[in-house]
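4 protein chains.
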Amino acid sequence: MKDPFTNTTQIRVRYGETDQMGYCYYGNYAQYFEVGRVEALRSLGMSYKALEEQGVMLPVSEFTVKYLAPAFYDDLLTVKTTITEIKAARIYFNYELINEKGNVISKAETTLVFVDKATMRPRHAPENFIALFEQL
Amino acid sequence: MKDPFTNTTQIRVRYGETDQMGYCYYGNYAQYFEVGRVEALRSLGMSYKALEEQGVMLPVSEFTVKYLAPAFYDDLLTVKTTITEIKAARIYFNYELINEKGNVISKAETTLVFVDKATMRPRHAPENFIALFEQL
Amino acid sequence: MKDPFTNTTQIRVRYGETDQMGYCYYGNYAQYFEVGRVEALRSLGMSYKALEEQGVMLPVSEFTVKYLAPAFYDDLLTVKTTITEIKAARIYFNYELINEKGNVISKAETTLVFVDKATMRPRHAPENFIALFEQL
Amino acid sequence: MKDPFTNTTQIRVRYGETDQMGYCYYGNYAQYFEVGRVEALRSLGMSYKALEEQGVMLPVSEFTVKYLAPAFYDDLLTVKTTITEIKAARIYFNYELINEKGNVISKAETTLVFVDKATMRPRHAPENFIALFEQL
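Chains as they are written, first to last, in the numbering used here: chain A, 2 to 137; chain B, 2 to 137; chain C, 2 to 137; chain D, 2 to 137.
Label-pair restraints from in silico Cβ distances: (1) C:A132 / A:R13: 24 to 30 Å; (2) B:P127 / C:T120: 49 to 55 Å; (3) B:P127 / A:L137: 48 to 54 Å; (4) D:Q136 / C:Q11: 51 to 57 Å; (5) A:R122 / C:R43: 44 to 50 Å.
FYI, nobody ran anything at the bench for these hints, they're computed from the structure. Just so you know, these numbers come straight off a predicted model, no measurement behind them. Backbone N, C-alpha and C define an ideal beta-carbon position, used for all residues, glycine too.
Required output: the full structure, derived from the provided sequences and hints.
Next up, the structure:
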């Protein structure tokens, strides 16, 4: 992978995702970044759903997020997702969350681990997965 | 079952469960009632977790809830759960949500269906489940 | 309002919205129907966000939902929302959730109450709100 | 504050918090840590609710979490919360999540900022807040 692959998708903040401060609750960002990475994979022709059906799970092992400015109810946010690296059993993503004014309101990183559903042990990324990224 | 079985458990409203109205979001009550029925079953010596491990799932097929007064952040709510009937493949629960002032702030009902995990078809309640309720 | 107003919008089931049965958790439908009614109002030129900024809140007072068939991870669902009635301080919505095969997997109804933010008392629907519906 | 203050509280994983992997969804940990810090403050006689009523909000500005092993449905988890530092407008917490076997399954850190509700600007921690911590 020469250049990291980047994809953008949009999410609108739901009422039930706000809290009584009037902010999007900090715990809900994890779902937004998950949507970001699933759509990034889909744009490459990889379905996360199909990956699981192949017997490979991809749990998150590490998650870091900075909240630079609040997101509010009904904001239409852009999730910018970058696949930064695939190495052995791990895949690394970076994220930016951008509001309608164009401000980056959050930055985040996740590490996910390829896990064999049968053995529940870490395993290498599936070959079709690696092949796809090598083409990029 | 002569008299319906009733159990109470307590739940504290989390910050992330509030919305920007300052109310506990209406969608979060479903989790509270689920905790209510799981604890009602546990108090009878029935573990919902064990039920699933036996190959029986119990999805909700119908849910009705009335919101009489709001629940607020940090409120310590009492969930009063009544098992009203078990019939063939169905189990019926009623719920009341009571706040610290003793006011009933919500009433709800759910219907759940016993489903065989292998066939994904409705099935009768497991025998140990029925036996337990007959004792009541 | 001669004919009830109907609007459709789409929602994709997120991974975090599934449960260990592999179904979309029954409590998450409340959010989907909320998105349905917000988008129905938006399609009429009514912003729920603006309504709150005018000092009017719209909490749910009653919610009934039937789960006819499960929704699964990554399903692209159509939420079909109908405004059935506006009367005094109340607005009534009906919903259908339709999966990619065209099956209606859920039907629901909600009653919402117009509440004055300052007094926290029920109030009539705002005039611009009623006027808009009378045009339909 | 000579020694950092530590408090423990317990949380049971709800069905709606699991995902189709059968794990507690990674995004739900944020709520658990929030409960941890709210209960840590309560054990010191500080109510987060009262803090907001005084006009001070405490949004999260940074959150890092490591998922060392999964949490499962119905697990009774211990949240061990440590207040590591209060400095100017910021308060720092560390967390450990421990399962029933005594294994540390997650470690996390958050930074929160004291914000004046009226001006929406960062401000110093309230005096009663600082005084309390100086006693520790």
